[in-house]
Amino acid sequence: MGFEGIGASVRRKEDGRFLAGRGNYVDDINRPGQLYAFIRRADRPHARIRGIDTAAAAMAPGVHAVFTGKDIEADGLGGLPCGWQIHNKDGTPMAEPPHPVIAVGKVRHVGDPVAVVIAETRQAAKDAAERLVIDYEDLPGIANLRQAVAQGAAQVHDGVAGNICYDWHIGDKDAVDAAFGRAATVVKLDLTNNRLVPNAMEPRSAVGDHDAAGDYTLYTTSQNPHVIRLLMGAFVLHVPESKLRVVAPDVGGGFGSKIYHYAEEAIVTWAAGKLKRPVKWTAERNESFMSDAHGRDHESTAEMALDEQGNFLALRVRTLCNMGAYLSTFAPCVPTYLYATLLAGVYRTPAIYAEVKAVFTNTVPVDAYRGAGRPEASYLLERLADVIARDTGRDRVELRRQNFIPKDAFPYQTPVALQYDSGDYFATLDGALKAADWAGFEERRKQSAAKGKLRGIGMSTYIEACGIAPSHVVGSLGARAGLYEVATIRVHPTGSVSVLTGSHSHGQGHETTFAQIVAEKLGVPIAQVEVVHGDTQKIPFGMGTYGSRSLAVGGSAMVKAIDKVVAKGKRIAAHLMEASAEDIEFKDGKFSVAGTDRSKALAEISLAAYVPHNYPIEELEPGLDETAFYDPKNFTFPGGCHICEVEIEGDSGMARVVRFTAVDDIGRVINPMIVEGQVQGGVAQGVGQALMENAVYDANGQLLTGSFMDYTMPRAEDLPDITVGTESTMCTHNPLGSKGCGEVGAIGSPPAVINAVIDALRDYGVRHLDMPATPEKIWSIMQGGMQPGRPAMAAE
Amino acid sequence: MPQLSLTVNGKSHAVEVEGRTLLVELLREKLGLTGTHIGCDTSQCGACVVHVDGRSIKSCTMLALQAEGASVTTIEGLAKPDGTLHPMQEMFREHHALQCGFCTPGMVMSAIDLVQMHPDGLTEHEIREGLEGNLCRCTGYHNIVKAIAAAWPLMHGKQVPAAAE
Ligand code: FES
Ligand code: FES
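Residue numbers (this note's numbering), protein chains in the order written: chain A, 1 to 796; chain B, 1001 to 1165.
Where hints are given, some of them may not hold.
Label-pair restraints from in silico Cβ distances [what the hints assert, rightly or not]: (1) A:A527 <-> B:Q1159: 53 to 63 Å; (2) B:E1016 <-> A:A56: 44 to 54 Å; (3) B:S1005 <-> A:Q537: 54 to 64 Å; (4) B:V1015 <-> A:D437: 33 to 43 Å; (5) A:D211 <-> B:T1061: 17 to 27 Å; (6) A:D177 <-> B:G1133: 54 to 64 Å; (7) A:E717 <-> B:K1030: 29 to 39 Å.
Simulated pairs of lysine-lysine, BS3-like, Cα-Cα distance not exceeding 30 Å [unchecked claim]: (8) B:K1080 <-> A:K13; (9) B:K1030 <-> B:K1011; (10) A:K13 <-> A:K600; (11) B:K1030 <-> A:K274; (12) A:K274 <-> A:K106; (13) A:K276 <-> B:K1030; (14) A:K600 <-> A:K560; (15) A:K434 <-> B:K1146; (16) A:K276 <-> A:K126; (17) A:K570 <-> A:K600; (18) A:K70 <-> A:K13; (19) A:K407 <-> A:K451; (20) B:K1158 <-> A:K451; (21) A:K600 <-> A:K587; (22) A:K590 <-> A:K564; (23) A:K276 <-> A:K538; (24) B:K1080 <-> A:K126; (25) A:K564 <-> A:K13; (26) A:K777 <-> A:K451; (27) B:K1146 <-> A:K13; (28) A:K188 <-> A:K173.
By construction, these hints were calculated from the structure, which means they are not laboratory data.
Values in this document were obtained by computation on a predicted structure and should not be read as measured data.
Glycine is no exception: its CB is placed at the ideal position from the N, C-alpha and C atoms.
All chains should be modelled from the sequences, with the hints used to inform the complete structure.
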């Protein structure tokens, strides 16, 4: 056995089953007697439902039931709850319109469930659903942000005036106004953060089961099974936790889209109870496009006030953001506490004021997608930094460096609520400049020009916040949940270990990294460590995986539980070796009496704990099984520098990323191989957002990008090798020092890509270009900007 | 219902299928081979790739009946009976070419065909182009490309010729 502890690139334990085709994803699960649900969805953005004729569908071959929203209502089910409440500027709560499981009275976005058919086979259910006759009266649709807030706009919800969900702000307006009053220069930028479809490769799926004892089981593609059990049990089905088990087995990617409680989960669970048969639903990809929560969709205006030397004095931001047709589970917190609180970025801007208006539209609900709010903040700041450099004739690297929060200023209190515990932005910047050979760029630019290509380089120096916490603080900000994590360390009699964790792995490799922590701390080989997650019947009440929290919060809970195991083990060892517990040391899996050669292995201690013949039974309970709940003291603050180089083809305007370097500060690294993979995957999604991905609605709210044929996903040939490095400072407030790495790639990369594209187009006078920077947009710029007599590109 | 006989992972099957049943549905639903995945409905993602008579195909794009008499290999049929992984599976593990694992079966099946079809060498560029029909949302492809490059010499039993680099 080589070194398997913290810092080793151990190959993943979970890979064996995935590579052999033995993964256990929800759609692979088939329960005896299972029926299949097919959901008929709205094909139009906004309409009144005048009537649904279910008779022909109900009589179709193999059909067991047809349900509409009325049946759900008649059974007294609740609507889908929202887990975060934002308050308006005036202190009143946000608008929170009902979110029925199946539409009642009106449909409000393409994809809104209208009826469900349950039949013997998937095909029979689907065939029968075509026989449903739905009588709609079309209503005007609101497709985008501008329409939503226009005078006299149609209303998505009765009772939500002007389609405003909330009108919120943060920061010191007076201080910002004063700073703008004395500024030498003000630089202003309008920008759009394009709407994205998460598109985990595994479509969502849910299987509801109900047994003779009246207990329900839901198998679902979720990042947080306990959260689903709580939301669905308490708010929708009114079933107590003790009668509802939620299992999230192998899950094929989430990126946020599988955090939320979705209608289909409630539908199959409820229908299984009604029909006394298991019911399965699996999304077709077209359903994923119109029912998985989308991401981003902001329009912002940013203004920076500067003094003569180029120091940032104050930042003013106004953002309009899209909630879609209904509030998804955590939607309201994304453009507020996960976005506006990050607007200090890595800079010591002394005054910041941000106003955020969230609106309803006739589109799919929008919620957290990889990065959630933080990519929007870093895109705004890092585009603004480049525009400031351009407008004021400064070097973009030096401008950033000059405004960085100094290394010795931590803990650093920002003007927008957060307190950064640690960081060194100079180190990540210098590391990235070196790794990317920033200095050698001009040479590469010439080489590209010789091939007829425009080459540009761009950077972003970003920060993000992970492991959102502590619970009492997020509670005061409107969270209707705690944000701790839980772990149980169960040492078995012969010394093997089970880790029961509230975190959930859907690609992150917890079975490996969590085992490595046990190997490091308890000296147990990872082959003897089992990591159990994703089943409410097996694990204590945990909060799941999102916001890069698994290691920083879930890993910390593990360390706390391990510490308890060691403390108890010492007392058992002291008894067995007739020493005092204070004299027992624990190292490399052995308890020894300090200063002697007497020792006992962990397995001897655990055996004594479960076979307590010779045991301090008067003072200690038997067993070696400890649980810890960990509620972090603060967020963690990963950050870093991403540098991108693009080449643009002259004839097509096609921009291609040719080099990408990420140097991140993510705190302690457990498995460098897994970290690299996480960053590379995040960067790929960021490059996708910057160059190709875009969810497009027509002016009426019809989704135009509803399949992989219309929505461009990055493919292998669209991406280069992605160089990943780390320059870490430790998180100061959690026991591992880890900060989180799941989202950094998607947060840091989009502005670096766009900055590079604009740099490549430097001869065309472009100041800004909205994402995605498609060939069409770039080509148009190149045509429009082409001056007679300006030097043609080499190959032309 | 029409009858179909075919061999899957070396085992012969005679089954009844509807005319419209897709090969992937046959594999997953009738034969219980759930290693082959469905990631889309427009033949774009490659999660469903299997080998039919030795060549990779998207099993969501072929009717089961079209596989009459064919020999199909799925991800479950790659490893040796003693559990020894195929070199491509081994290299995917070694190079961390999978995260959630959902695209992996299709990726591995496509990659094997790609390597087999390039006996004279395989450049990084050819690998990236060759993966045109497979989407992965997790890895950014970097490690998948590395894994395939590493599997080439193992599968062909020789080093990649210098010219192909
Ligand atoms: S399932 Fe997507 S290509 Fe076959
Ligand atoms: S590993 Fe998750 S989609 Fe490829």
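Exercise. Keeping to a limit of 30 Å between CA atoms, is the pair of K1146 of chain B and K13 of chain A held or broken?
Worked result: Given pair K1146 of chain B, K13 of chain A holds - Cα atoms ~20 Å apart, limit 30 Å.
Exercise. Taking the beta carbons of E717 of chain A and K1030 of chain B, is their distance inside 29 to 39 Å?
Worked result: holds, 35 Å
Exercise. For the pair supplied as a hint, K1080 of chain B and K13 of chain A, is the alpha-carbon distance within the 30 Å limit?
Worked result: holds, 20 Å
Exercise. Taken at face value, is the distance from the CA of K600 of chain A to the CA of K13 of chain A at most 30 Å?
Worked result: Holds, at about 29 Å.
Exercise. Between K590 of chain A and K564 of chain A, does the CA-CA distance stay at or below 30 Å?
Worked result: holds, 15 Å
Exercise. Per the hint of 53 to 63 Å, is the separation of the Cβ atoms of A527 of chain A and Q1159 of chain B within bounds?
Worked result: violated, 33 Å
Exercise. If you draw a straight line from the CA of K1030 of chain B to the CA of K274 of chain A, is it 30 Å or shorter?
Worked result: holds, 27 Å
Problem set entry | Holds or violated: K276 of chain A to K538 of chain A, with C-alpha atoms at most 30 Å apart | holds, 25 Å
Problem set entry | Restraint check for K1080 of chain B with K126 of chain A, where alpha carbons must lie at most 30 Å apart | Measuring from Cα to Cα gives roughly 39 Å; hence the hint is violated.
Exercise. Do the Cβ positions of V1015 of chain B and D437 of chain A conform to the proposed distance bound of 33 to 43 Å?
Worked result: At 59 Å between Cβs, range violated.
Exercise. Is K407 of chain A within 30 Å of K451 of chain A, Cα to Cα?
Worked result: violated, 42 Å
Exercise. Does the structure keep K1030 of chain B and K1011 of chain B at a Cα separation of 30 Å or less?
Worked result: Between K1030 of chain B and K1011 of chain B the Cα gap is close to 14 Å, so the pair holds against 30 Å.
Checked against the numbered hints above, the structure violates hints 1, 2, 3, 4, 5, 18, 19, 20, 24; every other hint is satisfied.
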